[in-house]
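A.B. asks: Construct all of the structure, not just a fragment, from the sequences and the given hints.
Taken in order, these protein sequences are the chains called A and B.
Numbers 1 to 269, taken from my numbering, label the letters of the first sequence in order.
Numbers 270 to 378, taken from my numbering, label the letters of the second sequence in order.
Just so you know, the hints here were simulated from the structure itself, not pulled from any lab data.
A quick note: this is a predicted structure, and the numbers were derived from the prediction, not measured.
Cβ coordinates follow ideal geometry from the N, Cα and C atoms, glycine included.
Careful, some of the hints might be misleading.
What the hints assert, rightly or not - Negatives, chain A to chain B, calculated, CB over 12 angstroms:
| no. | residue |
| --- | --- |
| 1 | E15 |
| 2 | L21 |
| 3 | N44 |
| 4 | M57 |
| 5 | C60 |
| 6 | I67 |
| 7 | P122 |
| 8 | S137 |
| 9 | Y149 |
| 10 | K191 |
| 11 | L224 |
| 12 | S248 |
As the list claims (entries may be wrong) - Derived contacts from chain B toward chain A, CB cut-off under 10 angstroms, selection only:
| no. | residue |
| --- | --- |
| 13 | K271 |
| 14 | T273 |
| 15 | R274 |
| 16 | L275 |
| 17 | K276 |
| 18 | I277 |
| 19 | Y280 |
| 20 | I284 |
| 21 | E344 |
| 22 | L345 |
| 23 | I347 |
| 24 | P348 |
| 25 | V352 |
| 26 | L359 |
Unchecked claim - Listed next, with one range per pair, are the computed distances between beta-carbon atoms:
| no. | chain 1 | residue 1 | chain 2 | residue 2 | range |
| --- | --- | --- | --- | --- | --- |
| 27 | A | R241 | B | L278 | 43 to 53 angstroms |
| 28 | A | A164 | B | K271 | 22 to 32 angstroms |
| 29 | A | P246 | B | F295 | 45 to 55 angstroms |
| 30 | B | P348 | A | K17 | 23 to 33 angstroms |
| 31 | A | P130 | B | I290 | 54 to 64 angstroms |
| 32 | A | K244 | B | I341 | 28 to 38 angstroms |
| 33 | A | A164 | B | S309 | 27 to 37 angstroms |
| 34 | B | A296 | A | K244 | 27 to 37 angstroms |
| 35 | A | S137 | B | I347 | 18 to 28 angstroms |
| 36 | A | K17 | B | F367 | 47 to 57 angstroms |
| 37 | B | L324 | A | K191 | 35 to 45 angstroms |
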Amino acid sequence: MQELTFRVQRYNPGENKEPYLQEFTIPSSQGMTVLDGLIYIKENVDNTLSFRSSCRMGICGSCGMLINNFPMLACHSPVEELKTDRIEVRSLPNFPVIRDLVPSLDPLFAKHKSIKPYIIGPDMKEVEAPTSEYSQSREELEAYVQFAYCVKCGLCMAACPSVATDSLFLGPQPLGQAYRYCADRRDIGAKERFHVADSPHGIWLCHLAGACSEACPKGVDPALAIQLLKRAMVSDSLRLRKKKKPASLAQPPATSKPKIDVPEFTVTQ
Amino acid sequence: MKETRLKILQYITGIGLFFFIGAHLFASYLSSGEPTSWESVSERAASSGWLTLYLFLLIFGLYHGLHGLRTIILELSIPNSAVKVLDWALLAIGVAIFGYAAYIVINAF
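C.D. replies: And the structure:
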């Protein structure tokens, strides 16, 4: 059986001054992912190893790590695709380390919260307690749906060279999500988000390196969202931005008829 | 939206610089005759058209350069509270350089 060498970042803030790498040699198996390797180490070699994971299928975004110097989801990284039997795993850069491979994502969530990542509708009562559905065309959906796939894993923030140089820079995830809500026709909060993105450490410090889009495991393309947000903000500043009509509520169907005949049941006691 | 307006000006001055520097380089190196001779330089210095062009080149170049410098300084993670101080400092530097450089260009006119 082929063996793999994992060089894993270890760091305990109470004991170590700086992170260091520890080497583990483990057996590989077919279809093994980097996360499987880390789980093997934790279960069989060193149970003090700390890392974060949950769904194991690239949905939750918990297991973001720097794998062979590229930010990836450990569960989404088959060992075979790395084309090497030496795998170096470090905590995500641009985030403080809590322990070993566990980064603190607090800065990401604080910046994300600042851009108001929710629908700001013309009638907030309707948003909070909906009485009906909003009507939305396919084109209106396609304007934002790609950017709605974000799982907040932080890989884009870890890959961004601007976040690396300026920790106050908002970063690709919050800016991408700002555009996601601005492009949604149910939303009328663009001005509020423009105000946040227009800060000195805001959108204009993005130099379009494109590393965020390359790292994104969900194909969100934050760099595109940022460029579209820049265009919207420039148009708004020059008063060239078209005012979008807020989405209207769809009329509920008059009668709901099932597509297939469903026999009616009566419960008899 | 202050930052967006500053950035729009950065783009405008960038495009303007392309043409102004192009005109300057053309006059200095590509036009017929001896453009770098004393007579030619003093002739351009006495021309109101060239004076206007060089003043615009000065304003556009100063804005473009100082805004670029501001962006680099901002990337040093300076806090938002210090941005106003930085802006006033750069404005003062810009005005001082413009005053001195404009004096030289106008004096030669």
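A.B. asks: Evaluate each hint against the coordinates.
C.D. replies: Against the structure, the hints come out as follows:
no.	hint	verdict
1	E15	holds, 29 angstroms
2	L21	holds, 28 angstroms
3	N44	holds, 42 angstroms
4	M57	holds, 37 angstroms
5	C60	holds, 31 angstroms
6	I67	holds, 27 angstroms
7	P122	holds, 22 angstroms
8	S137	holds, 29 angstroms
9	Y149	holds, 27 angstroms
10	K191	violated, 9 angstroms
11	L224	holds, 19 angstroms
12	S248	holds, 29 angstroms
13	K271	holds, 7 angstroms
14	T273	holds, 5 angstroms
15	R274	holds, 6 angstroms
16	L275	holds, 8 angstroms
17	K276	holds, 5 angstroms
18	I277	holds, 6 angstroms
19	Y280	holds, 9 angstroms
20	I284	violated, 14 angstroms
21	E344	holds, 5 angstroms
22	L345	holds, 7 angstroms
23	I347	holds, 8 angstroms
24	P348	holds, 7 angstroms
25	V352	holds, 5 angstroms
26	L359	violated, 13 angstroms
27	R241/A with L278/B: 43 to 53 angstroms	violated, 19 angstroms
28	A164/A with K271/B: 22 to 32 angstroms	holds, 26 angstroms
29	P246/A with F295/B: 45 to 55 angstroms	holds, 53 angstroms
30	P348/B with K17/A: 23 to 33 angstroms	holds, 27 angstroms
31	P130/A with I290/B: 54 to 64 angstroms	holds, 58 angstroms
32	K244/A with I341/B: 28 to 38 angstroms	holds, 36 angstroms
33	A164/A with S309/B: 27 to 37 angstroms	violated, 50 angstroms
34	A296/B with K244/A: 27 to 37 angstroms	violated, 49 angstroms
35	S137/A with I347/B: 18 to 28 angstroms	violated, 45 angstroms
36	K17/A with F367/B: 47 to 57 angstroms	holds, 50 angstroms
37	L324/B with K191/A: 35 to 45 angstroms	holds, 37 angstroms
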